[in-house]
Structures are given as C-alpha cells and as structure tokens.
Amino acid sequence: QKEVEQNSGPLSVPEGAIASLNCTYSDRGSQSFFWYRQYSGKSPELIMSIYSNGDKEDGRFTAQLNKASQYVSLLIRDSQPSDSATYLCAVRGAGGTSYGKLTFGQGTILTVHP
Amino acid sequence: DTEVTQTPKHLVMGMTNKKSLKCEQHMGHRAMYWYKQKAKKPPELMFVYSYEKLSINESVPSRFSPECPNSSLLNLHLHALQPEDSALYLCASSHDSSGANVLTFGAGSRLTVL
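Quick mapping for you: the protein sequence lines, in order, are chains P and H.
Sequential numbering of the first sequence, starting at 6, is according to the working numbering.
Sequential numbering of the second sequence, starting at -13, is according to the working numbering.
These are calculated hints, taken from the structure and not from any lab test.
It is possible that some hints are incorrect.
[As the list claims (entries may be wrong)] Straight line, CA to CA, 20 Å or less: simulated PhoX-like cross-link-like pairs of lysine-lysine:
1. P:Lys47 to H:Lys4
2. P:Lys47 to H:Lys(-5)
3. H:Lys26 to H:Lys4
4. H:Lys(-5) to H:Lys39
5. H:Lys8 to H:Lys22
6. H:Lys27 to H:Lys5
7. H:Lys24 to P:Lys47
8. H:Lys27 to P:Lys47
9. H:Lys8 to H:Lys39
10. H:Lys39 to P:Lys47
11. P:Lys61 to P:Lys72
12. P:Lys47 to H:Lys22
13. H:Lys22 to H:Lys(-5)
14. H:Lys26 to H:Lys5
15. H:Lys24 to H:Lys39
[Unchecked claim] Simulated restraints, written as ranges between beta carbons of each label pair:
16. P:Thr116 to H:Asn3: 37 to 45 Å
17. P:Pro119 to H:Ser6: 38 to 46 Å
18. H:Thr(-9) to P:Arg33: 33 to 41 Å
We put the beta carbon where it would ideally sit given N, CA and C, even for glycine.
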C-alpha cells in the first residue's frame, strides 16, 4: 500500500464547475496535510495546509480532513482554465523514522476547459 | 525575502564529471531538503537537514553527496552520475522539520546526464 494515494486522473471539468480531488494516507499518526499545485515545468507551490478535522476555506479552495477515515480532499469552486495543473497531496510524517518527512501522492492532473 | 534560490537552473554533465547544485534561503529557516522529481512523477525525498545536521537520508546512492555549510546554504555534490539520474532537483526549506511547518520550494535545477 502506498503511503499517500490520490484519485486517479486525469480530471477534466468545464470552466465554472467544482473540481474535487481526493487523497488517502496510510500513517494514522500523521498530523499535517498539504495540497500543492504544480504547473508543467515549474516547482510545487502551496495551495492549502490543514491540520484539524473539518473544512478549511481559502477563497475558491476548500480543504477537508477526516483523520478517522485517513482522508483529505480539495475542492476548487468556480474552476478556471488557469487552475489546470497537477495537484499534489502531501502528508507530513508523524514520528520515528518518518519525523520531518513530507511524502507526496502521485498527483492528479486537472484540466479546466473553457 | 520569502524565496528559495537554486542554481544553476539547467545543468548538463557527463558521467565522469563532478558538479554541484546550490540552494540558498534567507528566511531564517532551520530545515532544508533535497527532492528529486522525474517526469510525470511526484517529488521524492532525498535528504533532510535540520539545524545544519543531516537528519534523513532516504538511502540515496553515494554519488549524491549533500552538504549544509551554514543555515542558509545547501549544496548537492554530484559525481559519477548515471543517465537515469537526469531529473528536476528541488530544494525546499521550512521553519524547522516539525510536522506543521510548510515547505517552500525553489524553482529547481534541471539536470541532464549524458
């Protein structure tokens, strides 16, 4: 089982729609969760961080965390063509040999078409 | 200054060459990271430095040699690389290596090994 798994893509949505990206993780003790966006040929940039169960909203982005289900999601409302990118879910290790280690899922490619 | 600066942006080297990648940050961060990213794959952790000491080595081959001369600088020395080592090498930093801290990535150094 992979440490961090994301829903298989690619995901294609029309402009203005809601894009839903999902991620599960295996380390039950993990406490810190991140969504990064990566445009082709560029480095990852942070979109959202979430540490507590529930929802966290920032503009058009909402992150949701359910630690009991070991599940993290990212919703993008009113999707724009400029949102077309690879979205990476990342989980920070809880302790032991994983302490300090940020592990990425395989990424979901999102395309927003006009 | 909220940036992580990586040099060079592009590097082409032969299998017998010795070269170095450099990373610099002036955000007062005490944790610095090297990641390797192959095309269409997520970033993979190579090394973590915490307070200038190597805290994580993800079983990276010895042809990659990290160095942290001070809290602002991180180098990756390259020697006798293989063509399969061609990739985007990403440097990142965070306040420290504890779980809640966000990683800020540099733009990356794209390495081609001939």
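#### Entry: Hints violated by the structure (numbers, ascending)
Violated hints (numbers, rising): 1, 3, 4, 6, 10, 14 and 15; every other hint is consistent with the structure.
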